[in-house]
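Chains as they are written, first to last, in my numbering: chain A, 1 to 280; chain G, 281 to 406.
If you're looking for bench data, these hints aren't it; they were derived computationally from the structure.
Note that this is a predicted model, so its numbers are computed, not measured.
Just to be clear, a hint being listed does not mean it is correct.
Using 30 Å as the maximum straight-line C-alpha spacing, the simulated DSSO-like pairs for lysine-lysine come out as follows [said to hold, decoys possible]:
#1 G:LYS365 / A:LYS172
#2 A:LYS172 / G:LYS367
#3 G:LYS383 / A:LYS28
#4 G:LYS289 / A:LYS201
#5 A:LYS227 / G:LYS365
#6 A:LYS28 / G:LYS367
#7 G:LYS347 / A:LYS217
#8 A:LYS217 / G:LYS365
#9 A:LYS227 / G:LYS367
#10 A:LYS267 / G:LYS289
#11 G:LYS346 / A:LYS272
#12 A:LYS267 / G:LYS347
#13 G:LYS333 / A:LYS167
#14 G:LYS347 / A:LYS172
#15 A:LYS217 / A:LYS227
#16 G:LYS347 / A:LYS167
#17 A:LYS28 / G:LYS346
#18 G:LYS365 / A:LYS272
#19 A:LYS235 / G:LYS346
#20 G:LYS401 / A:LYS172
#21 G:LYS346 / A:LYS167
#22 G:LYS289 / A:LYS167
#23 G:LYS346 / A:LYS267
#24 A:LYS98 / A:LYS201
Residues on chain A that point at chain G, a partial pick, calculated with CB under 10 Å [to be verified]:
#25 SER6
#26 SER10
#27 LYS13
#28 ILE29
#29 LEU169
#30 GLU171
#31 PHE173
#32 PRO177
#33 THR266
Positions of the beta carbon are idealized from the N, C-alpha and C atoms, including for glycine.
Given next are the chains, with one letter for each unit.
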Amino acid sequence: MIEIRSINKSYGKLRALDNICLRFEENKIYGLLGRNGAGKTTMLNIITGRVFADSGEVLMDGNPIPENDQALQQLYLTSEKTLYPENMKVKDALKWSKQFYPEFDIEYAQKIATQFGLDTGKRIKSLSTGYTSIFKLIIALSVNTPYILFDEPVLGLDANNRELFYKLLIEKFSNQPFTAIISTHLIEEVSSVIDHIVIIKDGCIIRDESCEELLSKGYTVSGTAAKIDAYICGKDVLGIDSLGGLKTVYILGNIDADIPEGIEVTKLNLQKLYIQLTNL
Amino acid sequence: MFINFESDKPIFLQIAEGLEDAILAGAFAEESQIPSITEFSVSFKINPATALKGITLLVDEGVLYKKRGIGMFVASCAVEKLRRKRKEQFYDNYVSGLVTEAKRLGLTEFEIKAMIERGFKINDRD
C-alpha cells in the first residue's frame with residue numbers, strides 16, 4: 001500500500017499540492033482525475049521521488065519512499081519526459097529496462113510493440129508524439145512492478161491504439177493484478193476501467209471514493225424553473241443550466257423517493273458529474 | 281452483447297442483462313460454459329470487478345452456476361427462470377411508462393388498447 005500523508009508542495013507562490021492525504025491499496029486501478037494544472041503530475045512525481053515535497057511523507061507499506069531503493073524498485077512511472085538516451089534504439093531501450101527492472105518481460109514488450117505497430121529498430125528521438133507515448137506504455141506494461149503509475153497514458157494516441165492500450169491493461173490486470181494509477185482528464189474513457197476515483201482540484205483532493213459510490217450520488221432534475229427552484233431548496237447543487245423557462249440542475253446526494261409531478265430525473269454519468277465537480 | 285457506456289444504467293447490470301438476453305436467445309445454451317470474467321472484461325474493456333459483479337448477480341439468482349476450477353455454466357432451468365422474471369418485470373419496465381406517457385399526451389385507454397392490437401397484428405404478419 002502507498003500512503004501519502006499531509007503532502008504540501010509549492011512552486012514559488014503557486015500552491016501545487018495542499019495538504020494531500022491519500023492511500024493507494026494493492027491490486028486496484030485508480031483514476032487520478034483533474035483539470036490541466038490541478039497537481040496530478042506533481043503528485044505522481046512526489047510518489048516516485050522525482051520531486052521532493054515541502055512537507056509530509058510518502059510511505060510504501062509503512063516505509064518512506066524517497067531515496068529508498070527497495071521501495072522505488074516496486075514503482076514505475078511513465079512521465080512526459082523520456083528518460084532514455086535519445087539516440088538509443090527502441091529494442092536497446094527494452095534490453096536496458098531489464099537491467100533496472102529484473103521482472104521486465106522483453107518478449108512481451110516485443111509482442112505488444114508489434115500489436116501497436118511500433119518498429120523497435122527505430123531510434124527513440126525519431127518517434128512521433130503518438131509513438132513516443134506508445135513506447136512508454138510498452139515499457140510500463142512490461143516492467144511487472146507491483147505499482148504502475150501512468151501519467152496521461154493516451155496522449156497523442158489514435159482511437160484504435162487507445163482501445164488497444166485499455167485492452168492490454170485489463171488483460172494484464174486480470175492475469176496478474178497490480179496497482180495502477182492512471183492520471184487523465186479523459187474521464188469517459190477510464191470510467192469503466194477504474195475501481196476507485198481520486199479527483200484533484202487546485203492542489204486539493206475533492207473526491208476520493210469508489211467509482212460506484214460516486215456514481216450513485218449524482219443526479220439531475222429538469223423541468224420548469226418554478227418547480228425546479230422549489231425542489232432544489234436545501235439540496236447540494238453542483239450546477240445549473242437554464243434554457244428559456246426550462247431548468248436543469250445537477251445535484252449531489254441520493255435521489256428522493258417521491259419526486260414532484262412534472263420533474264424529470266436522470267442519473268448523472270461520471271463525465272457530467274466530473275465536469276460539474278471541477279468547474280471553477 | 282453491447283455495453284452502452286453513456287447509459288445511466290450501471291455497467292454490471294448491463295452485463296447481467298446482456299447475458300440474460302443471450303441465454304433467452306439461445307446463444308448460451310443451458311449447461312454450456314459462458315466466457316470467463318477475463319474474457320468479458322477484456323472484450324468490453326471494463327474492470328474485472330465490474331464483470332464479476334454482473335455475473336455474481338446471475339449466480340445468486342440461480343441462472344448461472346460455478347464449477348470449481350473450470351468456470352461458469354448456464355443452469356439447467358435458466359431459460360424458464362429468466363422468462364418468469366422478465367414477465368414479472370414486464371409491468372414495471374413497459375406498462376407503467378406507457379401509461380404515464382399516454383396520459384401526458386391525452387391518449388385514452390381505448391386508443392392504447394387499439395394500438396396494442398394493431399402491434400400484435402403487424403407482428404403476427406411478419
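Checklist entry - Which of the listed hints are not met by the structure? => result 1, 2, 3, 5, 6, 7, 9, 11, 12, 18, 19, 20, 23, 24, 25, 26 and 27
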